[in-house]
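Colleague: Here are the chains, one letter per residue:
Number of protein chains: 2
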Amino acid sequence: MLKFTVQKSELEEKISIASSAIGPRTVDPILQCLLFKPVGGVLRIQATDLQTSVIANVKIGEYEGNDSFAVDADLIDDIVKNLPEDEVLFEYSNGKLNIRSGKSKFSLATVSEVERFPSIEYDDSGISFSIDTSILEEMFDRVSFCASNESAMKALNGVYFEAHGGFLRLVASDGYRLALAEQKLAIDGEFDFILALKSVREIEKLLSSTTEPEIKITFDHSTVSFNAGDITTVVRVVEETFPDYKRVLPKAFKTRVILNSDDFAEALKRVMVIAKRGNEKVQLKITDDVMELSSQSSEYGEAVESIPITKDGEDLVVNFNPKFLNEAIKHIDEKEIEFNFVDNLSPLQINPRNVEGYLYIVLPVRA
Amino acid sequence: MLKFTVQKSELEEKISIASSAIGPRTVDPILQCLLFKPVGGVLRIQATDLQTSVIANVKIGEYEGNDSFAVDADLIDDIVKNLPEDEVLFEYSNGKLNIRSGKSKFSLATVSEVERFPSIEYDDSGISFSIDTSILEEMFDRVSFCASNESAMKALNGVYFEAHGGFLRLVASDGYRLALAEQKLAIDGEFDFILALKSVREIEKLLSSTTEPEIKITFDHSTVSFNAGDITTVVRVVEETFPDYKRVLPKAFKTRVILNSDDFAEALKRVMVIAKRGNEKVQLKITDDVMELSSQSSEYGEAVESIPITKDGEDLVVNFNPKFLNEAIKHIDEKEIEFNFVDNLSPLQINPRNVEGYLYIVLPVRA
Numbered sequence: 017m018l019k020f021t022v023q024k025s026e027l028e029e030k031i032s033i034a035s036s037a038i039g040p041r042t043v044d045p046i047l048q049c050l051l052f053k054p055v056g057g058v059l060r061i062q063a064t065d066l067q068t069s070v071i072a073n074v075k076i077g078e079y080e081g082n083d084s085f086a087v088d089a090d091l092i093d094d095i096v097k098n099l100p101e102d103e104v105l106f107e108y109s110n111g112k113l114n115i116r117s118g119k120s121k122f123s124l125a126t127v128s129e130v131e132r133f134p135s136i137e138y139d140d141s142g143i144s145f146s147i148d149t150s151i152l153e154e155m156f157d158r159v160s161f162c163a164s165n166e167s168a169m170k171a172l173n174g175v176y177f178e179a180h181g182g183f184l185r186l187v188a189s190d191g192y193r194l195a196l197a198e199q200k201l202a203i204d205g206e207f208d209f210i211l212a213l214k215s216v217r218e219i220e221k222l223l224s225s226t227t228e229p230e231i232k233i234t235f236d237h238s239t240v241s242f243n244a245g246d247i248t249t250v251v252r253v254v255e256e257t258f259p260d261y262k263r264v265l266p267k268a269f270k271t272r273v274i275l276n277s278d279d280f281a282e283a284l285k286r287v288m289v290i291a292k293r294g295n296e297k298v299q300l301k302i303t304d305d306v307m308e309l310s311s312q313s314s315e316y317g318e319a320v321e322s323i324p325i326t327k328d329g330e331d332l333v334v335n336f337n338p339k340f341l342n343e344a345i346k347h348i349d350e351k352e353i354e355f356n357f358v359d360n361l362s363p364l365q366i367n368p369r370n371v372e373g374y375l376y377i378v379l380p381v382r383a
Numbered sequence: 017m018l019k020f021t022v023q024k025s026e027l028e029e030k031i032s033i034a035s036s037a038i039g040p041r042t043v044d045p046i047l048q049c050l051l052f053k054p055v056g057g058v059l060r061i062q063a064t065d066l067q068t069s070v071i072a073n074v075k076i077g078e079y080e081g082n083d084s085f086a087v088d089a090d091l092i093d094d095i096v097k098n099l100p101e102d103e104v105l106f107e108y109s110n111g112k113l114n115i116r117s118g119k120s121k122f123s124l125a126t127v128s129e130v131e132r133f134p135s136i137e138y139d140d141s142g143i144s145f146s147i148d149t150s151i152l153e154e155m156f157d158r159v160s161f162c163a164s165n166e167s168a169m170k171a172l173n174g175v176y177f178e179a180h181g182g183f184l185r186l187v188a189s190d191g192y193r194l195a196l197a198e199q200k201l202a203i204d205g206e207f208d209f210i211l212a213l214k215s216v217r218e219i220e221k222l223l224s225s226t227t228e229p230e231i232k233i234t235f236d237h238s239t240v241s242f243n244a245g246d247i248t249t250v251v252r253v254v255e256e257t258f259p260d261y262k263r264v265l266p267k268a269f270k271t272r273v274i275l276n277s278d279d280f281a282e283a284l285k286r287v288m289v290i291a292k293r294g295n296e297k298v299q300l301k302i303t304d305d306v307m308e309l310s311s312q313s314s315e316y317g318e319a320v321e322s323i324p325i326t327k328d329g330e331d332l333v334v335n336f337n338p339k340f341l342n343e344a345i346k347h348i349d350e351k352e353i354e355f356n357f358v359d360n361l362s363p364l365q366i367n368p369r370n371v372e373g374y375l376y377i378v379l380p381v382r383a
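Taken in order, these protein sequences are the chains called Y and H.
Take the first sequence: its position 28, counted from the start at 1, is 44 in the numbering used here, and no numbers get skipped.
Take the second sequence: its position 290, counted from the start at 1, is 306 in the numbering used here, and no numbers get skipped.
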């Protein structure tokens with residue numbers, strides 16, 4: 017038996033956050049459920065897809081009984097968000113869950129064998145550090161779009177975390193481009209791990225929904241936990257080795273271009289109208305103070321644009337997949353950006369002009 | 017040859033409206049195109065899927081040449097909406113279209129054999145009448161959701177127009193429910209026709225995008241045109257006979273219930289949480305001053321709600337598909353609505369309490 021009252025608004029929020037851990041439909045219905053469990057005066061709601069787990073604590077008043085129950089997450093989410101009053105009464109007994117609020121009454125079946133709900137391993141004794149929520153959110157935003165959804169190399173289907181020399185560095189790459197963001201932090205120890213893209217999406221949801229100013233990250237070799245107040249997301253790391261990304265960072269630039277990111281984004285958008293109907297290629301022609309962007313489609317025609325630039329070094333003609341340039345520009349907030357070229361076959365480095373700690377690498381394509 | 021300048025904002029709007037007539041990809045690429053044609057000092061843009069056609073007139077200044085050209089609608093839409101400046105120069109010559117705006121240059125292939133573009137038949141001499149844009153929009157909104165997307169009876173895949181005794185009546189039904197809206201108008205003549213649902217969607221787009229206060233409707237037996245200022249939508253009517261809907265309008269009610277539409281909609285939303293996971297059925301139990309709504313799912317459980325009502329006549333227990341009730345309620349603006357029952361096997365009539373000219377009929381389902 018378990019009986020408690022709870023505020024609809026808080027329950028709704030915590031159910032929504034916990035539900036995000038649930039994966040696509042599986043054969044085992046217990047994995048489509050939320051586990052409700054009283055623990056030390058609060059109600060704990062848990063969900064897991066065996067890779068990512070969320071634990072959300074909900075404030076409840078006095079409660080009677082100590083049973084746990086597991087109920088279909090979609091169903092309980094749908095019910096709670098539609099309840100008429102803020103005060104909600106839950107009564108669980110012998111597999112039956114009654115929910116009352118105002119004149120609404122629900123009598124629900126729960127999933128039997130609640131003890132089969134996977135236990136969430138979560139060790140507090142690992143290496144621990146804190147980071148501003150907004151900084152971690154920005155770092156994820158700057159790199160996670162480069163992770164691959166498809167690569168056969170599992171290490172590339174995620175974001176690499178590296179703590180080294182007092183810096184936290186996040187890196188993601190799909191083999192054609194790479195993004196890197198770093199931040200100085202007080203981290204006691206050195207370590208690295210890979211988070212799968214699905215886990216990254218979970219953490220991003222946690223970051224955007226929390227009002228906590230700091231996230232506490234704890235790493236204990238096979239799992240990492242991200243704690244923000246009432247919510248803890250526990251993630252298994254990917255058991256792979258990340259490629260040696262430092263080898264692809266270009267050096268010895270021969271052409272440096274400074275440009276306005278809005279000018280470039282606008283011109284690129286227009287040449288992409290043709291490029292996406294053609295060979296998915298845009299040509300950048302760099303001369304003294306002009307960059308000409310052009311694209312062609314044998315079926316539809318061609319587009320030509322030009323924007324003002326400041327150039328140091330050699331003239332250059334080089335081709336890129338415009339989608340990769342566009343995504344890079346969208347993830348840099350600064351107006352002044354730098355394009356650093358070696359030649360028309362080597363990776364281009366894009367970075368904000370006067371901001372440290374973020375860069376983007378993209379391979380050219382052949383003409 | 018044809019050469020003109022045009023304002024981006026107006027061109028963008030007219031391209032968007034004309035493009036909506038274009039159907040899904042077909043073997044003939046000319047049907048994916050917009051036809052641009054100078055006619056008496058304006059630029060006419062035309063599109064058709066052979067069933068529905070749109071003619072949009074665009075203001076241009078002085079123009080040179082008198083050629084027409086046809087160009088892929090998606091492409092030109094994509095280009096125009098991204099142009100940098102409001103002033104745009106078009107130059108068409110020998111199958112090649114150049115577009116310039118600011119520093120942007122596009123050189124496009126056009127579709128050859130422009131004379132193959134289907135001519136849009138459109139006779140001004142039929143029966144003609146005008147109706148307030150907002151009234152026609154409301155009438156469509158009230159009935160078109162009841163038209164069937166699937167019925168094997170083609171007559172039900174659209175909206176029936178009937179002009180009779182100075183009234184315009186719109187009716188739509190999928191065989192399980194029916195909606196009817198009528199309006200007194202100065203119409204000289206009697207007629208009826210069926211508009212296919214896709215044509216109705218076109219007219220709805222015209223109504224929501226125009227700023228003209230009145231729509232002129234002209235019917236000439238095989239086509240109907242809807243004119244709103246610069247835009248004319250020409251539609252072929254469906255060559256079918258609409259069923260005799262007057263036979264299903266219930267008479268001799270035994271139970272009349274007056275209720276608040278918000279109360280009902282809220283309670284229904286909650287019982288639907290269970291109904292949609294169960295037998296898609298909601299039971300209404302009507303006693304003196306209470307309507308109890310309930311639903312069941314063998315897998316998930318049950319939900320019960322009650323709302324206050326004012327009842328005239330006999331008690332009743334009757335089952336409905338809740339989706340049909342919900343859609344009806346959403347299309348009535350009034351707070352006070354009437355449910356008029358004959359018995360638990362006969363159609364229910366729903367109407368706003370104090371407003372004439374709109375009613376909704378739905379068949380019950382068996383318990």
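Hint data in this document are derived by calculation from the structure and do not stem from the laboratory.
Glycine included, every Cβ here is placed at the ideal spot set by N, Cα and C.
Certain hints may be false.
Which stretches of chain H does chain Y cover? Using the computed rule of at least three CB atoms under 8 angstroms from a CB of chain Y, they are [what the hints assert, rightly or not]: (1) 173 to 183; (2) 285 to 292; (3) 310 to 323.
Colleague: Which hint numbers doesn't this structure obey?
Modeller: 1
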